[in-house]
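*Asks:* In case you want the letters, here they are:
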Amino acid sequence: MPLYFFDVHDGITSLRDDVGIECHDPEAAASHAKEILPAIAADEVPRDGDRQSYTVLVTDEEGHPIYSAALSFVGTWLTR
Amino acid sequence: MSQGARTQAITILLAKLDSIAVLSDIERQAIQTLPTDIRMLAAGQDIVCDGDTPSYCCLIVEGWAYRYKLIGEGRRQILSFHVPGDLPDLQSLHIRTMDHSLAALTNATLAFISHESIRELTWSLPGLAEILWRETLVDAATFREWIVGLGRRSAYENMAHLFCELYLKLQAVGLAGEHRCPLPMTQGDLSDAMGLSNVHVNRVLQEMRAKGLITLRNNTLVIEAWDELIRVAAFDPTYLHLRKAANR
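Chains as they are written, first to last, in my numbering: chain A, 1 to 80; chain B, 81 to 328.
If you're looking for bench data, these hints aren't it; they were derived computationally from the structure.
Fair warning: there could be bad hints in the mix.
From the derived model, a few chain A residues whose C-beta atoms are all more than 10 angstroms from chain B [to be verified]:
| # | residue |
| --- | --- |
| 1 | G11 |
| 2 | L15 |
| 3 | D17 |
| 4 | G20 |
| 5 | H32 |
| 6 | E35 |
| 7 | A39 |
| 8 | D43 |
| 9 | E44 |
| 10 | P46 |
| 11 | Q52 |
| 12 | E62 |
| 13 | I66 |
| 14 | L78 |
Label pairs and their calculated CB-CB ranges [claimed, not checked]:
| # | chain 1 | residue 1 | chain 2 | residue 2 | range |
| --- | --- | --- | --- | --- | --- |
| 15 | B | R155 | A | T76 | 55 to 63 angstroms |
| 16 | B | G257 | A | T79 | 18 to 26 angstroms |
| 17 | B | Q83 | A | A28 | 30 to 38 angstroms |
| 18 | B | R155 | A | I12 | 25 to 33 angstroms |
| 19 | A | D25 | B | N299 | 39 to 47 angstroms |
| 20 | B | K149 | A | I12 | 30 to 38 angstroms |
| 21 | B | D132 | A | T76 | 54 to 62 angstroms |
| 22 | A | S31 | B | Q109 | 52 to 60 angstroms |
| 23 | A | D25 | B | E308 | 22 to 30 angstroms |
| 24 | A | S72 | B | W213 | 22 to 30 angstroms |
| 25 | A | P38 | B | L217 | 21 to 29 angstroms |
Backbone N, C-alpha and C define an ideal beta-carbon position, used for all residues, glycine too.
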């Protein structure tokens, strides 16, 4: 199975995935991106501010980007 | 197999039992005469599989092992990591059929001890039966901590907790000190233990490094800020039931 890499950017730092994950095909890689991005956001959003965004760039073994995704959290205070 | 490996097996088993209980001289001598079958396994090799009905238990003499369940589509949950001195399938003495698998995490030396020998030992020395029971209870206590971690701790807290646990377990059998210990698992193993993706584990490790909690190099974990790591994990070593309190 081919390797795919998932670089995650959280608006401040970008973390390059140098390990990668084996996926059947690009669809499986995209579906992995759908799993990991919300999981990372769920874990990290509560520890930070009211505006956060997470993006993932999926690349194949040759380094070609094949998929990207973004999630954002926007919290608004209504009592201030 | 070499006498050296057997001596090493008995030494590490005694160190392990000493860490959780007080052994009498007679119990100590009985352990020393326990027949063992020493075998080497390669990293990744299964020791005993889900559904097997083994007639022996194993003692880890050198290297690491892990217990796991496979749940389809290549998904794996690692249930526990095991270090030298552990008897990770002791339950098979009383529960015939394995309900999970046990594999070598690294190249490992194992001492297989037949159920028959353990039964003889525990029938003749009930005190040893109690100590082995205690060992499986500590094992269960560790699972309870993992449930808390998987269910309620953040990834960052849970990773910190795991590092505290592994360090103290290794220290108890003399395999770690000065806040430094071997950590031979891959990022993939850590993800399967913590229910996270590889990428997520990588992020957590980077954050721990950036905050000066740990460094990881050549499969060695260096805890740079033990007190802070304990604070982050809200780590309470009671569940390990080690006789000597956690040594800072």
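*Asks:* Each hint should be assessed against the structure and marked as holding or not.
*Replies:* Here is what the structure says about each hint:
A cut-off of 10 angstroms between C-beta atoms confirms that A/G11 is not in contact with chain B; the least separation is 13 angstroms. A beta-carbon of chain B comes within 10 angstroms of the beta-carbon of A/L15; the shortest separation is about 6 angstroms. Separation of A/D17 from chain B is inadequate, the least Cβ-Cβ distance of about 5 angstroms not exceeding the 10 angstroms criterion. A/G20, annotated as away from the interface, has a beta carbon of chain B within 10 angstroms; the closest lies near 8 angstroms.
Distance check on A/H32: its Cβ comes as close as 7 angstroms (rounded) to a Cβ of chain B, failing to clear the 10 angstroms threshold; non-interface status is violated. A cut-off of 10 angstroms between C-beta atoms contradicts the statement that A/E35 is not in contact with chain B; the least separation is 7 angstroms. With 10 angstroms as the threshold on Cβ separation, the claim that A/A39 sits away from chain B is violated: the shortest Cβ distance comes to roughly 6 angstroms. With 10 angstroms as the threshold on Cβ separation, the claim that A/D43 sits away from chain B is violated: the shortest Cβ distance comes to roughly 5 angstroms.
Against the 10 angstroms criterion, A/E44 falls within the reach of chain B, whose nearest CB is about 8 angstroms from its own CB. A Cβ of chain B approaches the Cβ of A/P46 within 10 angstroms, the least distance being about 8 angstroms, so the stated non-interface status is violated. Separation of A/Q52 from chain B is adequate, the least Cβ-Cβ distance of about 14 angstroms exceeding the 10 angstroms criterion. For A/E62, the requirement that its beta carbon stay farther than 10 angstroms from each beta carbon of chain B is met, with the minimum near 19 angstroms.
Remark: the non-interface label on A/I66 is consistent with the geometry, its nearest Cβ contact in chain B lying 16 angstroms away (cut-off 10 angstroms). Consistency note on A/L78: stated as away from chain B, and its beta-carbon is indeed over 10 angstroms from all of that chain's, at 27 angstroms minimum. The supplied range of 55 to 63 angstroms is broken by B/R155 and A/T76, whose beta-carbon atoms lie about 38 angstroms from each other. Distance hint check for B/G257 and A/T79: the Cβ-Cβ separation is about 53 angstroms, which falls outside the suggested range of 18 to 26 angstroms.
A hinted range of 30 to 38 angstroms is violated for the C-beta pair B/Q83 and A/A28, which are about 51 angstroms apart. For B/R155 and A/I12, the hinted distance range of 25 to 33 angstroms is satisfied, since their beta carbons lie about 31 angstroms from each other. Taking the beta carbon of each, A/D25 and B/N299 are about 33 angstroms apart, not inside 39 to 47 angstroms as hinted. A hinted range of 30 to 38 angstroms holds for the C-beta pair B/K149 and A/I12, which are about 37 angstroms apart.
One distance hint, 54 to 62 angstroms for the beta-carbon pair B/D132 and A/T76, holds here, with the actual separation near 57 angstroms. Remark: the range hint 52 to 60 angstroms for A/S31 to B/Q109 is upheld by a beta-carbon distance near 59 angstroms. Between A/D25 and B/E308 the C-beta distance comes to about 43 angstroms, which lies outside the given range of 22 to 30 angstroms. Hint check: A/S72 to B/W213, Cβ distance near 53 angstroms, so the stated range 22 to 30 angstroms is violated.
Look at A/P38 against B/L217: about 38 angstroms separates their beta carbons, and that is not inside 21 to 29 angstroms.
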